[in-house]
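Enquirer: Protein chains in written order, with my numbering: chain P, 1 to 254; chain B, 1 to 222.
Be aware that one or more of the hints could be misleading.
Only pairs whose alpha carbons sit at most 30 Å apart, straight line, appear in this in silico DSS-like list of lysine-lysine [what the hints assert, rightly or not]:
hint, chain 1, residue 1, chain 2, residue 2
1, P, Lys-225, B, Lys-40
2, P, Lys-83, P, Lys-180
3, P, Lys-114, P, Lys-170
4, P, Lys-225, P, Lys-83
5, B, Lys-40, P, Lys-107
6, P, Lys-225, P, Lys-107
7, P, Lys-64, B, Lys-36
8, P, Lys-170, P, Lys-180
9, P, Lys-107, P, Lys-83
These are calculated hints, taken from the structure and not from any lab test.
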Amino acid sequence: MRFGRIAWQGAIHEVTPGADGRVRLADGREIAEGRFTWLPPVEVGTVFALGLNYADHARELAFKAPETPLVFLKGANAITGHKAFSRRPADATYMHYECELAVVIGKTGYRIAKEDAMEHVAGYSVANDYAIRDYLENYYRPNLRVKNRDACTPLGPWLVTRDEIADPMKLALTTRVNGKTTQQGTTADMIFDIPTLIAYLSSFMTLNPGDVILTGTPEGLADVKAGDVVETEIEGVGCLINTIVDDQTWFANA
Amino acid sequence: MEAHEPAISGAVYGVILNDRDSLERMGAALADAPYKGAPKAPVLYIKPAGTLVGRGTVVRLPAGESAVEVGATVGIVFGQGAARLAPEAVPAAIAGYVVVADLSLPHASYYRPAIREKCFDGACPVGSRVVPAAEVGDLAAVSLRTYVDGSLVQTRSLADLLRDVPTLVADVSEFMTLRRGDTLLVGVIWQAAQARAGSRVRVEADRVGSVEFEIAAGEGAA
Numbered sequence: 001m002r003f004g005r006i007a008w009q010g011a012i013h014e015v016t017p018g019a020d021g022r023v024r025l026a027d028g029r030e031i032a033e034g035r036f037t038w039l040p041p042v043e044v045g046t047v048f049a050l051g052l053n054y055a056d057h058a059r060e061l062a063f064k065a066p067e068t069p070l071v072f073l074k075g076a077n078a079i080t081g082h083k084a085f086s087r088r089p090a091d092a093t094y095m096h097y098e099c100e101l102a103v104v105i106g107k108t109g110y111r112i113a114k115e116d117a118m119e120h121v122a123g124y125s126v127a128n129d130y131a132i133r134d135y136l137e138n139y140y141r142p143n144l145r146v147k148n149r150d151a152c153t154p155l156g157p158w159l160v161t162r163d164e165i166a167d168p169m170k171l172a173l174t175t176r177v178n179g180k181t182t183q184q185g186t187t188a189d190m191i192f193d194i195p196t197l198i199a200y201l202s203s204f205m206t207l208n209p210g211d212v213i214l215t216g217t218p219e220g221l222a223d224v225k226a227g228d229v230v231e232t233e234i235e236g237v238g239c240l241i242n243t244i245v246d247d248q249t250w251f252a253n254a
Numbered sequence: 001m002e003a004h005e006p007a008i009s010g011a012v013y014g015v016i017l018n019d020r021d022s023l024e025r026m027g028a029a030l031a032d033a034p035y036k037g038a039p040k041a042p043v044l045y046i047k048p049a050g051t052l053v054g055r056g057t058v059v060r061l062p063a064g065e066s067a068v069e070v071g072a073t074v075g076i077v078f079g080q081g082a083a084r085l086a087p088e089a090v091p092a093a094i095a096g097y098v099v100v101a102d103l104s105l106p107h108a109s110y111y112r113p114a115i116r117e118k119c120f121d122g123a124c125p126v127g128s129r130v131v132p133a134a135e136v137g138d139l140a141a142v143s144l145r146t147y148v149d150g151s152l153v154q155t156r157s158l159a160d161l162l163r164d165v166p167t168l169v170a171d172v173s174e175f176m177t178l179r180r181g182d183t184l185l186v187g188v189i190w191q192a193a194q195a196r197a198g199s200r201v202r203v204e205a206d207r208v209g210s211v212e213f214e215i216a217a218g219e220g221a222a
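Isolated chain B, as found in the complex:
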């Protein structure tokens, strides 16, 4: 595969536990230590610049790692700065959407920031085009599919987002400015399907596009 440029270049923020299904599956664990209650604010993380790659990239896992969770998701790309937006003001700030495979090394606990797990080089394959919001329409009608070596391994719908796009952007922009060109991912599901080293992965989203890439094992000792 030939490696392409990702469609985005600004800061990328992700969110976990933004779908009802994941919260239900985590179930009683949310009430127990170390969490001691379901999250109140969006649970965010940063995908730093080195994670962004385009379709056709061979993503090499950190040393000693041989499998990765493929968090199929969609990124909200901002066309103007978003700060302290009310939900009704959010659509005007959105340039469009982009398909993203938000990769994570599997991690059982969400207690501490997952930097090695989520920020290794190449951990954010991104589609080649930001699709204007008007072309995508209602994000709740978008389904995502993950294929590993040609086999469909997971589907998900964006219909069960805990915070829909206007609510999510409003809650995040309350304390941090999303700049023009930045991207906020709408969320990955808990324990997303895994791909092993050596496999070819494809994530596609209705009307948003697709991104395809390969996974390679980490070389050397951990």
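The following block holds chain P by itself, in its conformation from the complex:
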């Protein structure tokens, strides 16, 4: 199954895919794209993100691969839905996307063994973990000013249940900017795989339904400018679309 969340006619609805790109409400009505607002497919709890979790990307950034997972957290302010805008500040010189497999936790657990870890996964989604490298500093790096900016982590469009994905460690990741492919990789190249990440995080904190792990990105970063349409796609999970806007557009009254 795949589930989305939308805002439509004054209420939040959980939806499933309908015909011809429409979404289907629980009562069977189907709504056309463009007539509703996509929300992140889960109301997120704690959001974890991984740095340098693909060997090629670590090389690209001139780091050696980490020996324990390099984890940072995001607040709910950072998360936005499918087809939303993300802001590139006027003073930024390098803002890049990161296509990432998002793992959504479905069952509470503490000190989860690796071999039991997948039972705690509700499903998967696609995340785009934008970074603005101008603001990088060497304290708790990557720092929140780079990674926890309002609406700079699109998530969606769907939560795809675990049973639909036979092997989450063998999915193609692709990013296109204005239709041109700029990033290609496979989840097979993750340094710390999903069970390892769940076991590691739950070794010191309880994981709960709605917690999300963004599992890192492969190489292929590129600067994105206002007006760019960025598609991050993961095989079998979905294609998440986001548009970069400038300060003037972002801060304008509507």
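Once you've looked at the hints, dock chain B against the given chain P.
Expert: Leaving out everything else, chain B in the frame of chain P:
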């Protein structure tokens, strides 16, 4: 001890190196690798939902750990959303203050995010009451005291904050929205006093309140 509910339930953000004393004590290390310079923006971290506990809680450390730094601090609790605030607009956004013991496993390096060190379950004991800002008055006049098993082990004053409350909130809200009910801690000191497993800890802040809890050793292998 009976465990109580924490006074806050929103997102909690913390900050390190927001006092002159800590920066002075770190001294030349700030200029060297890996930091290569003193921080420019506030150095923030997140205390996720599972860290929040109230007074009377027994905080169990992660496996293999037997001591914890007790970062006595005060949280700014927001009464309305704070985004892109100028310093002079900050007071109107503040509902009040709450006393917090921001716990960290000791870590020598601030280079990478300290998730295991700061985000383990129970790592943020919080007082039972948000005290209205008017009752607290000038935060610079507030002193904090940390007691371990009844002995005073550390005092600090909020008079030497590098960024005072209006400046800190302005700098943070420049890029991220603090929502109504969220909390921003004003900072913990570098290498705060430690408490060992088995001890009872109390943090108190003038006019803001106190929070008391116990530390228990992590069970099992690391």
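Enquirer: Decide, hint by hint, whether the structure agrees.
Expert: The hints, checked one at a time:
no.	hint	in the structure
1	Lys-225(P) - Lys-40(B)	holds (25 Å)
2	Lys-83(P) - Lys-180(P)	holds (18 Å)
3	Lys-114(P) - Lys-170(P)	holds (18 Å)
4	Lys-225(P) - Lys-83(P)	holds (16 Å)
5	Lys-40(B) - Lys-107(P)	violated (40 Å)
6	Lys-225(P) - Lys-107(P)	violated (39 Å)
7	Lys-64(P) - Lys-36(B)	holds (19 Å)
8	Lys-170(P) - Lys-180(P)	holds (23 Å)
9	Lys-107(P) - Lys-83(P)	holds (29 Å)
Violated hints for the displayed structure, listed by number in ascending order: 5, 6.
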